[in-house]
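Visitor: Work out the full structure: start from the sequences and follow the hints.
The opening residue of the sequence shown carries number 1 in UniProt numbering; numbering runs sequentially from there.
Careful: at least some of the hints might be erroneous.
[What the hints assert, rightly or not] Just the calculated beta-carbon pair ranges, DEER-fashion:
id : residue 1 : residue 2 : range
1  : ASP154    : SER187    : 30 to 36 Å
2  : GLU117    : ASP154    : 16 to 22 Å
3  : SER65     : LEU202    : 47 to 53 Å
4  : GLY56     : ALA93     : 18 to 24 Å
5  : ASP39     : HIS160    : 44 to 50 Å
6  : VAL162    : GLU135    : 18 to 24 Å
7  : THR183    : SER158    : 14 to 20 Å
8  : PRO132    : ALA170    : 22 to 28 Å
9  : TYR70     : LEU163    : 42 to 48 Å
10 : HIS71     : ARG136    : 24 to 30 Å
11 : TYR70     : SER187    : 39 to 45 Å
12 : HIS160    : GLY63     : 38 to 44 Å
13 : ALA197    : ALA96     : 24 to 30 Å
Hint data in this document are derived by calculation from the structure and do not stem from the laboratory.
For glycine and all other residues, C-beta sits at the position ideal for the given N, C-alpha and C.
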Amino acid sequence: MSVSVTAGGFSGNPSGLTRVKIRTRRWAKTTATQQRILDAAAAVFREHGFTAATIGDVVSTSGASIGSIYHHFGGKSELFLAIHEKLSDTIGAQMAAADSPTTFDRQARGYLEAIWEHRDVAVILASDDVPPGYERIRRDSMQAWFHHLLADQDLDISAHDVLLIRVLIAVLTESAAEVMTCTDHTSAAAVMDAAAAHLGRLLA
Numbered sequence: 001m002s003v004s005v006t007a008g009g010f011s012g013n014p015s016g017l018t019r020v021k022i023r024t025r026r027w028a029k030t031t032a033t034q035q036r037i038l039d040a041a042a043a044v045f046r047e048h049g050f051t052a053a054t055i056g057d058v059v060s061t062s063g064a065s066i067g068s069i070y071h072h073f074g075g076k077s078e079l080f081l082a083i084h085e086k087l088s089d090t091i092g093a094q095m096a097a098a099d100s101p102t103t104f105d106r107q108a109r110g111y112l113e114a115i116w117e118h119r120d121v122a123v124i125l126a127s128d129d130v131p132p133g134y135e136r137i138r139r140d141s142m143q144a145w146f147h148h149l150l151a152d153q154d155l156d157i158s159a160h161d162v163l164l165i166r167v168l169i170a171v172l173t174e175s176a177a178e179v180m181t182c183t184d185h186t187s188a189a190a191v192m193d194a195a196a197a198h199l200g201r202l203l204a
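Guide: Take a look at the structure:
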């Protein structure tokens, strides 16, 4: 699967950030059955891609009945969006539990660490093979996250700062795409170091 330039397609949902509303079912707690179905769906999408994957593939991989899958999630698109939602929640919780970094480059590094840890799922969400309408969800989610991260920066709507924001987004986006495809943490850490250095210089 090819990786698009959207840094994984999820915001990480930092504390205080208004979530992009998407049509998925929400639960106070993910049950073991729901998690098994999500894990199976992720494996199927990773192997076959969204378009070629079928609910039957998810049934075979998860061991759950087709009725159970539709009861908990709905169809194939809803399963994909549920994976997005679950990973956003996971990364958001992971970043919130970590030491609170005060600079954009440090927050960005925390995000890239989370992308590396969950790269098997992140690469699915960053694929070009996604449900109809997901591109907008992915874009809006990333834009909301960047606005949150940049809230403390002294940036305005001048041509200079608008271009700077686009450059910052591009650096982190490409860094996330690189991290997802690294084969070991040493390689991923080198990408993170380079990204943090570039971001720090851009905002100095």
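Visitor: Within 24 to 30 Å: is that where the Cβ-Cβ distance between ALA197 and ALA96 falls?
Guide: Check passed, 25 Å falls within 24 to 30 Å.
Visitor: I want to verify a distance hint. Is the separation of the beta carbons of VAL162 and GLU135 within 18 to 24 Å?
Guide: Since the Cβ atoms of VAL162 and GLU135 sit about 22 Å apart, the hinted range of 18 to 24 Å holds.
Visitor: So does TYR70 sit 39 to 45 Å from SER187, Cβ to Cβ?
Guide: holds (41 Å)
Visitor: Please check whether HIS160 and GLY63 have a Cβ separation lying inside 38 to 44 Å.
Guide: violated (56 Å)
Visitor: Quick one: are ASP154 and SER187 within 30 to 36 Å, going by C-beta?
Guide: holds (34 Å)
Visitor: Should the hint that HIS71 and ARG136 are 24 to 30 Å apart at their CB atoms be regarded as holding?
Guide: holds (27 Å)
Visitor: Just tell me: holds or violated, for the beta carbon distance of TYR70 and LEU163 against 42 to 48 Å?
Guide: holds (47 Å)
Visitor: With 22 to 28 Å as the target window, see if PRO132 and ALA170 comply at their CB atoms.
Guide: holds (26 Å)
Visitor: For the pair THR183 and SER158, does the Cβ-Cβ distance stay inside 14 to 20 Å?
Guide: violated (42 Å)
Visitor: Is it true that SER65 and LEU202 lie within 47 to 53 Å of each other by Cβ?
Guide: Once the Cβ atoms are compared, 52 Å apart, the range 47 to 53 Å for LEU202 and SER65 holds.
Visitor: Please test the hint of 44 to 50 Å on the beta carbon pair from ASP39 and HIS160.
Guide: This hint holds: roughly 46 Å between Cβ atoms.
Visitor: Could you check the hint for me, namely that GLU117 and ASP154 are 16 to 22 Å apart, CB to CB?
Guide: For ASP154 against GLU117, whose Cβ atoms are near 32 Å apart, the range 16 to 22 Å is violated.
Hint violations for this structure: numbers 2, 4, 7 and 12, all remaining hints satisfied.
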